[in-house]
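Chains as they are written, first to last, in my numbering: chain A, 1 to 168; chain B, 169 to 553; chain C, 554 to 904.
Just so you have them, the derived chain B footprint on chain C, three or more residues with Cβ under 8 angstroms: (1) 614-622; (2) 638-652; (3) 675-682; (4) 787-796; (5) 804-813.
Keep in mind that the hints were calculated from the coordinates and are not lab data.
Here a beta-carbon is modelled for each residue, glycine too, at the ideal position from N, C-alpha and C.
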Amino acid sequence: MSENEGTDPIEVLRTPIQLDYDYTAGVSASRFLRAVAKGKLLGQKCPVDGRVYFPSRGSCPQHGVPFEDGATVELPDKGTLVTYSIVRVPSENIPLELPYITVQVLLDGADTVLMHVLDAGLDDVRMGMRVQAKWKPESEWTTSMTNIEYFVPIDEPDADYETYKEHI
Amino acid sequence: MAELTAVVGIGQTRYQSKRLDHSMPSLVREAAEKALADADCGWADIDAVILGKAPDMFEGVMMPELWLNDAVGGAYKPMLRVHTAGSVGGSTGIVAASMVQSGIHQRVLCVAFEKQSESNATWALSISMPFSLASVAGAGGYFAPLVRGYIRRSGAPEDTGIRVAVKDRQNALKNPLAHLQLEDISFDMVANSPMLWDPIRYLETCPSSDGACAMVMEAEGLASKRPGKVAWIHATEMRSEPTSFSGRDQVMPQATLDNSAALYKKAGIQNPRQELDCAEIYVPFSWFEPMWMEGMRITPINEGWKMTYEGATALDGDFPVNMSGGVLSSNPIGASGLIRFAESALQVRGLAAAHQVDGAKKALGHAYGGGSQYFSTWIVSSDKP
Amino acid sequence: MRDVAVVGFAQSANVRRETDRNEVEILIPVIQELRKTTGVQNDEVDFVCSGSSDYLAGSSFAFVAGLDAVGAWPPVCESHVEMDGAWALYEAWVKIQMGYADVALVYGFGKPSMGDLPLTMALQLDPYTVMPLWPDAVSVAALQARVGLDAGIYGEREMAERAVRDRANAKANPCAQVKGDFTVEGILADPFLANPLRKHDCAPISDGASAMIIAAGDRARQIQDRPAWIRGFEHICEPMDLGVRDLTSSRSTAIAAEKAGVRSDKVDVAELSAPFTHQEILVERALGLGDATDVNPSGGALAGNPIMAVGLARIGEAARRVWDGSADRAVAHATSGPCLQQNLVCLLEGN
Chain A
1 MSENEGTDPI EVLRTPIQLD YDYTAGVSAS RFLRAVAKGK LLGQKCPVDG
51 RVYFPSRGSC PQHGVPFEDG ATVELPDKGT LVTYSIVRVP SENIPLELPY
101 ITVQVLLDGA DTVLMHVLDA GLDDVRMGMR VQAKWKPESE WTTSMTNIEY
151 FVPIDEPDAD YETYKEHI
Chain B
169 MAELTAVVGI GQTRYQSKRL DHSMPSLVRE AAEKALADAD CGWADIDAVI
219 LGKAPDMFEG VMMPELWLND AVGGAYKPML RVHTAGSVGG STGIVAASMV
269 QSGIHQRVLC VAFEKQSESN ATWALSISMP FSLASVAGAG GYFAPLVRGY
319 IRRSGAPEDT GIRVAVKDRQ NALKNPLAHL QLEDISFDMV ANSPMLWDPI
369 RYLETCPSSD GACAMVMEAE GLASKRPGKV AWIHATEMRS EPTSFSGRDQ
419 VMPQATLDNS AALYKKAGIQ NPRQELDCAE IYVPFSWFEP MWMEGMRITP
469 INEGWKMTYE GATALDGDFP VNMSGGVLSS NPIGASGLIR FAESALQVRG
519 LAAAHQVDGA KKALGHAYGG GSQYFSTWIV SSDKP
Chain C
554 MRDVAVVGFA QSANVRRETD RNEVEILIPV IQELRKTTGV QNDEVDFVCS
604 GSSDYLAGSS FAFVAGLDAV GAWPPVCESH VEMDGAWALY EAWVKIQMGY
654 ADVALVYGFG KPSMGDLPLT MALQLDPYTV MPLWPDAVSV AALQARVGLD
704 AGIYGEREMA ERAVRDRANA KANPCAQVKG DFTVEGILAD PFLANPLRKH
754 DCAPISDGAS AMIIAAGDRA RQIQDRPAWI RGFEHICEPM DLGVRDLTSS
804 RSTAIAAEKA GVRSDKVDVA ELSAPFTHQE ILVERALGLG DATDVNPSGG
854 ALAGNPIMAV GLARIGEAAR RVWDGSADRA VAHATSGPCL QQNLVCLLEG
904 N
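Same shape as in the complex, but just chain A (with noise of 0.2 angstroms):
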């Protein structure tokens, strides 16, 4: 105890505060994560223009309409990737280790890009390049997009720039 206790100015107050929320996918979006829970991708078509959305959210956001429930397309795992980032600094929601690559992947037969990290050397990642989803054991597969653990590169020659350079 200090004799100034209690007469020095306060400067910071610290008040935690918790709020617990229960989150809504959504109705397109729940359909799309029980696929990725059986270890589906599944894409959604949009009625206007038949561009293939992936991830699906139900509606198109350029059109302002929703995606119909059959308009919807399995894709595979392995896609190019059209960018990407060294990311060095930590964030407290980010469960990874630094440094770690982010990227946006477009998988084959999908016309929007999925978000992920990749599993590379920090000098081999480039733009065009083709990779392929490296999934957790079947046993621990749930309802998120986490399934997919990250992404590698496989075995096939850079994508032409020209086939992606609509995504970067």
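Following the hints, complete the assembly by docking chains B and C onto the known chain A.
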């Protein structure tokens, strides 16, 4: 149909990582008082208050304008709270202007702030749903791949960003309010700083600052009577597009191209590089200077980096950008957009002191936010349109 | 002042919990219905504005997803307020007044069921000295109710009568959540939730969205035979601190009503966003409503309270009655902050 409106008072707090001398209410009050003093007005002279700030989860107060309204003289007056993500400061300025431009009010006060020292911004920005993979580490992690995309498209030299970072911090040394006062800033210092999200280095990134900015805006009838120079608002424009959709160009979004085209048309500007004297644009990561030079049609696509390289955007260049030091030198997130608008007004009023562009008469203020999807801009001038 | 009217309105059914749909999925059919009934498509909309709260959604920038329901392509002139859609409407109305826009689309949405609403709203209060006590929204309203009861401003029977009236009116509203025939005696026999408030004195917790189209001059006349012209639109905010304002009246509502010219003629219909029965009484009095006014024909907030959309929905419900000719003059009210801190009054006329 719009009433001609002017910025007649500007107030900014000193930007610093922790303003422990201020609570949130006193922080906004300091900026508001300064703006009122600059406008030679009292609280009673203000008809309405427009407040802007970034996500409420930063400071942990839900709709803080309800609590802060008193501090900025808003009791028993109309009050609005704008929130358009990172562009919020700009949008706040635009919404405030519209209150006068519509003829509804004669004189309004707008204030934008952030008390980052009382926030956990990184946490608030990375809250994700339990069913998605949290891999985006903050704003830098989101934008770094886009920067890489720009470098690929434009062929810009890899050190372009470093040059922007040095220039803005050098400008900040002439702005006593700026947060970062790096006396020994140099190319090597930035180049050698740690790489955070490749290709963005630590010193190419904005700081996290406490601060508030305020402006008083007035209708023509009142503003014309003032002896000193005021900043007439020639045009304001906002454009938004969806965060992601197939084929979206995230590097050079259509929204910024549409925004700038519409803005210049309203302001009667055909050649912005010639007709504008300077610009304060929202550059939180160094590479956005060349990118937004293109987005704002100051240069053709893929040539923005040349302006940086030529020194055109330096304080003594032919098109100075971010004379105040920009977001790279001070970043109270919710206020940063309004600071760009305020600094543009400061320039045309000739009040920017050591970071003044000689003879600046017409300036651009710019803010962007979200996934490069929201753009708020305005043009101010010491002359009426 | 330009002549601007409410010409389109749509809302989702207010429910206690939208278990399956997320905010965008709730919004899309609402906006689609609005487009269908008004014929106004995106290419004609000059300005879009929305209202929502991150704290309801439990994540930052939750409103960004809302734009997906609009289909903002080509890019749109768009803005957002962290307030009820009624204030987003105000911003849009101002945009039309300044001549920037002729047609605007406005929406508000919220899913408070995802969190604990009364507790979440404690975060609106002074973070240094009040919030750490975690005063939930019902308890805070109860403090005000107690002040009014003890001062004889209203009685618990009067409060219960509001609940009876609103829930009975709500039977005719397919979107209302709490509807039915209740009695004053039945309500007064219920236990207190937070003395002196009983459950029926409180608005329900509702998930929902509402959307509206406003248009200027001739365009308004093309869309609606009898547009609901906005003839007064005012809002005022009081200090937050409960100790520095009169809790036995709604001064800001009275100021806004006066400025909007509510009392210059009869008021046929009034739609109020007050989420507690005693607050309904205070707002009625502040607006100067008499027996001739049909209050809350839709049931008002006590029948369905989708936070961030409820104020806009009151304006929509009032507009409907102007369109169908059952009202010449209608007043709609929106509120925000603890104990009616901030209030908005919108006066609509059919002539």
